[in-house]
Structures are given as structure tokens and as C-alpha cells.
Amino acid sequence: MTSETLVDRSHEAELEERFNELLERYRGEPGALIPLLQGAQAIFGYLPPEVMRRVADAAGEPLSQALGVATFYAQFRLRPHAKHTIRCCHGTACHVSGAARISEELEKYLGIKPGENTPDMLLTIEEVHCVGACGMAPVVMIDDRAYGKLTPEKAVAVVEAFISQVEQSEAEKGGVGEASKEAEE
Amino acid sequence: MAEVRSLIRPAPQRPRLSSPEVEVRICLGTGGVAAGSREVLKAFEEGLAKAGVFALIRPREDECSGRCASVTGTGCKGLCAMDPLVEVRIGRNGKLQKCTYGLVTPAMAEEIIQRHILGGEPITEWLVLSDEHTTGYEPFYAGQEKLVLRHVGIIDPEDIDDYLEADGYQALYKVLSSMSPAEVIDEIKRSGLRGRGGAGFPTGQKWEFAASYRSPDGVKYFICNGDEGDPGAFMDCSVLEGDPHAVFEGMAIGAYAIGATTGYLYVRAEYPLALRRIRIAMQQAEERGLIGDNIMGSDFSFHIKLKEGAGAFVCGEETALMQSIEGQRGMPRLRPPFPAESGLWKRPTNINNVETLAVVPWIILNGAEAFAARGYEKSKGTKVFALAGKVKRTGLAEVPMGMTLREVIYDVGGGIKNDKKFKAVQLGGPSGGCLPESLLDLPVDYETINQTGAIVGSGGMIVIDEDNCIVDTARYFLSFTQSESCGKCPPCRIGTKRMLDLLNKICEGKGTLSDLDFLEEMAQQVKAGSLCGLGATAPNPVLTALKYFREEFVEHVVDKKCRAGVCTALVTYTIDPEKCTGCRACVRVCPVGAISGERKEAHVINREVCIKCGACYEKCRFDAVRRS
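Protein chains in written order, with our numbering: chain A, 1 to 185; chain B, 1 to 628.
I should point out that these hints are in silico values taken from the structure, not numbers from a laboratory. Just so you know, even glycine gets a beta-carbon here, dropped at the ideal spot from N, CA and C. All clues given are correct.
Quick look at which bits of chain B chain A covers, simulated, 3 or more residues with Cβ under 8 Å:
#, segment
1, 32-46
2, 228-242
3, 263-271
4, 327-338
5, 457-466
6, 472-482
Starting from the given sequences, assemble the full structure and let the hints guide the process.
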């Protein structure tokens, strides 16, 4: 057994523990399905079939109901998801200020379409309706941080800077977790 | 109201101290952060520490002796176009000098510290608001009256004591100590307050309904709808980010009035900053006994649960929202029974919007008459509008209802950006419509705006100019409602899809005149055949566009032209050989290699290859690329 798989195992065990805690916290509570799905996605990054089954079980609902809910809301993802999310705002103010060109440029730069992940699983790109910073339109969010008054070129520069910041902190600290925390702050 | 303070539990380990001599308050709303206000905040903290004259403190947390300064974050300060906005307050108690700077960078922060805070001279050319100097931004503030936004951008939303100092929870105290539920309802009814979420239903009447129904087991619910889904509206976001306690207080007052003990605050997941601040504020309010059992020693108990939305526009509709809280797909149901009779888990339930609830404490403290004295005919009080799009001073503006659209756009908003020509103002988001120049003198009032085919709605006001295409704008809203239709009613599910197909066809230059008639006919059917507000109002943007801008539709279908140059299929790009300097910038930027030409000679676009992306048009510094 290599050291790498050891690390993986302990990481998996930790996720499993957190997931169990989540299931117990909501077991039997009415209306818990959505918070359970949200919590599970926060732990695993997406909702794999096995997780869906156990969530449905804890919520006391059939799997079909859990799947129905998971596919109804935009937030839930049934496929693996990259570490960081770029959200291109397509709210009205952003739309009339050129959001389409920004999305286009970022998709070209990253070589992916909305909903896809970069091959290194670092970034995914989404189109969203309004992040509530209309005064700064057009806006792009990377994780929880918004960047405003963009042009297609500025948007690419912002993403470039983000990637190099992540790479740098990965090199320094041996993990990307810190960079994303910084970006959230 | 010294009494109130004695009833509020003291803060654990937070000594009350005199305010610092210098206070720097920086907008940390979503917009401010997007403009870089966190970096500016850091620059002020570091700069002040480096200056060495002041001890940098957190008010109410740190002991302060000698000269001290504090740097705090607030919610949205309103004038988002000038973010990051920084307010500098110098002096104590009686003599206080307040200045607000706009477009502040970390380098400017350093200079503000040196010249203003240490040197005593405000840097007048960077000011947007000042007691002593003219800044040119006065018209933005002059027409406004801040009732809903009374604390937003001023207090630190993460510090409950800031709210308490600014009259916080005094309205709740007044209600609990001296008013009966019926008196509270009567006060709200007399104020004329109407639901700010869009429908404009009288709030007091809604509370009266909810109060009149008995629950079989005594359980009633009070819900705050913070699922602000209209793209282009961000007032609820700003209130939740900047003054979360006002919303809790409004909820508690409403709950007392209808007899509810459990509240739900439903906030969309796309507002991470608002969610974070609500969690902090809720913990502080519970810690101080302002939410929970026996509030302020009374026998009234009220608990609030935070529900994070999962991303569905339709959940802004009250019955869909309740389905969502119950853990179901958010699909609206038939009314009656109305939520007041049978709502969440079949109990009597009341739902109000964030902005509505945030103003309730103000009404209780200042009286129904003071609120009703502002406004217009049947639309009382003030309304917050989110000014965005092609207007100069984008941001949040709270104005008395009845102000004309022209006053809001040209006086408060400063007119159109880059001296372009005004085309339309979009009111009410996907449920509203586009109004032309000729209607700008109408007052902003629920009834008047309804007559135009648009709605006041939640207060989104997006200005569009000659560079925007009206057909594309209508298509934008329809693509939004089409993708957000929950699918329950076929006229909405299929009708919006077919309407969108028609609009796509028109934008691609394949439309016919009969398509326009068909579009109108279908719009009427979708309106008539949908159960909830989403479907019933989804055709409004298309209908108003056809009503006021029909000639632009006709141009698209007959002349195959898009005058704004937005509809790609109807646009051609050419290079003006007179203006082209042959710099090759466009050659390099063209993604498909459609542009050819030698250096220092005029270039040519090969129309067969061109994908009309517009990259050359944006890149050219000599205006040589023409779009027609």
C-alpha cells in the first residue's frame, strides 16, 4: 500500500464521518430533504447515486422523490464537480452590459462549455441569473467573490490571476484549500 | 428608551467603550467587494497601524486608551457606480466631520490617511458626499429618503450593538410592552404599506387574514421571503447583507401580530455573503435574548429558522416557497385555500418580502401617519429601486413612491452613460416590461405602472440605450422564464418555449410579419392559462416590447436589420479602408483568421469566414471596424 492511498483512505473516512453526522442531525425532521442534499453536496462536491440513496433513506422519502427534488433545483449536481466555480452573471444588468461576450471569452480561454470541468478538475464555469451586484455589471464570481465592471479581457485576467494564486499557494502550502479560503475572505 | 437596554441581555465579554476618534467605514456589500473594497479595508488597517498615531481598535471589543481609530465594514452604501465607497468620520460626540470617498483604491487609502486623517484636509476631488464640500453627486442623494435602508451602509451588520445603538429592537419593545396584536395590525394597515415583493398586496390586511385563522394545534408560521429571483433586483440582498436585524425585528413584530411562534427566513443560495451575515446576526440576537423564548421578559416567544434556497426562480411564489421549505419540488398550487388559512404544513402562514419587513420597525417607531404622509395616492411610503444598466449612477435608490421615472433615471441616476441615447427602461424584471421615453413622466406607482403593461415589481430598474436591441431584450427575459418554468401548467411550460422559438427565429432574421401576430396571440394564452404569477406575467416583456417598440420588430423581420447591432445574424462587419492604419490588431484577435492585410495597409474581412463575434470591433482603436 502506498502512502497516497493511505491519505485517500483517511480522507474518505473523514467524509463518511461527516456524512453520517449530517444524516443523524436531520433524521426524521420534516422537510429535511433539501438541507440534507445541500449538506451532502457540501461534503462530496456532488451527489453520487449511493449518497442519494442514503439521503432519501434518512429523509424517509423514496429515492424517486429525492431524485425529483435534486433535478428540480439548479444548485444540485449529479456529476463530479471541479474544485472552484466561475459563475458568469447573466442577470439583466449584466446581459445588457455584455455578459455574453465575457462568457464566450472565458469559455474559449478555459476550453470548456458551461457545466463542464477543466481536465485538471480545478475550474468549472456556470451561467447564473443575477448574483445581486447589478451596480457593478458585468460581474463574474469565482467561488464566493465577485469581480465587477469587467470586459472580456479583464475577465480573462481575473481568472488567470486566480489560477496562478491557486497554483502558488499549492506549491507553498501543499494544498489548494488555503487559496480558496483566502478568496472567500 | 433606557428601559429597552436594561431588558436586553448584556453582551458576553464585550465591554462598552466610547467611540473611537477616527472611524473608517467601508462598503462590504457584494458590489463593494466586487470593486475591491476588501483590499481597500486592508490598506486602511495597515496604513493606520503604520502611521503609529492611532491605536487600531475594534469598537466594543478592545480597550482603548489615548487616540484610537477603527476600520469597519458596512453593507451597501447605495452608489454602487462609485464603489469602493469609504466613509471617514473624524471627531467625537458633538463635533463630527463625515466625508465619503468614491472609487477608492489601496493607494488612495494611503493618501487619505496622510492628507485627511492625519493632515486634517479632506481630498475634495475624490469626495462623493460631504457636509462641507460640494461633490457633484448631491442629486443622487437629494431625492432619496431612507426608511428601509435607514441603517444599510451605516452600521456594521456583524455587530448587534451597532444596530442597538441606532434604535434597534426598540420597535419590538414598543410592540411587546404597549400594543396588542390588533393594534399592531391596525398601525400597519393605516400606514398603507403594500408588499414590496412585487404584487403590492396591503401588508396589514394580509396580517389580519393570518391572525383571523385558528390553527388546530396552535402552530402558525411567519415566513420572510428572501428568494429575490428577479435578475436586476438586489435590494433584498443589500438589506440582508447590510441590516439583517431589521428583518428579524420586522418578522418578530409580524409574528406577534398574527400569533406565530416559528419563523422561516428563506434566502437564495446565490447570496453567500447575505447568508453568512444572517448567521452571525442570528446568533447574536439569540445570545441577547431578542429571538427565542420570552423575548425581553415578555411571554412572547419567537424562533427563526434559516432556509437556504436551492436555486429555483419559481420559489419566489409563496405557495412554491412553502413547498420548498417542506422539502418538495417548488411547484405552486391552486389558491384558495390561501396560506393565511392553510399554508406551511397546512397551518395558517403569513409570507412577506424582505423589504416590506425591514420597514415595519420604522413604521412602529415613527407612526403610520409618518409613513402614509410619503408617497402617492394608493402607493404609500418609499420604495427601493435597483438602478442598473446604462445609467450613470448605478446603485440602490430609495425614493418616495410617485416620483417620476424621469426623475429617478435622470436626477438620481444622472442620465445615460457615455452620452448615449436612452431607449427604454425595464421595470419589474421578467414579469415587467420595457417603457419608452414617452412614458418617462409617469409617476412610479403600482396602479399607474400596471396600466402601461409593465409592473413596479420588486423594483428592478434597468436602463437600456441605443446599443441594446429590444427584440434581444424580450428574448432574454423569455429565455429566463422559459428555463425557470416549473413545468406544472402546459401553457407556461410549452407556451414560453414556443414563444422563445419565435423570438429566436426573429433574431436570426428568419421571422415573418405573421410571426409577430402569432407571438401576441400566444402571449395572451400563456397569461390566461397559467396558475401562478410566473406564467401569468412571463409574456409581459414581450407584449410591452411589441406595444412600444413594434417598429424594431418589423425591422428585424422585413428589413432583416438589427439597428443596435446585437442580433449577430443580422449584422455584418466591414473595415473602413480610410480609417484602417494596418496595425494588425484585429488580425491577431480574430479567432477564425477571417481578416487579412499587410502591415500598414488597409485590412479586409472575409465575410464567408467571419463568425461575427465582434472581437475586431472591440479591439480596433481607430473606429475602423464598422458594424451594420
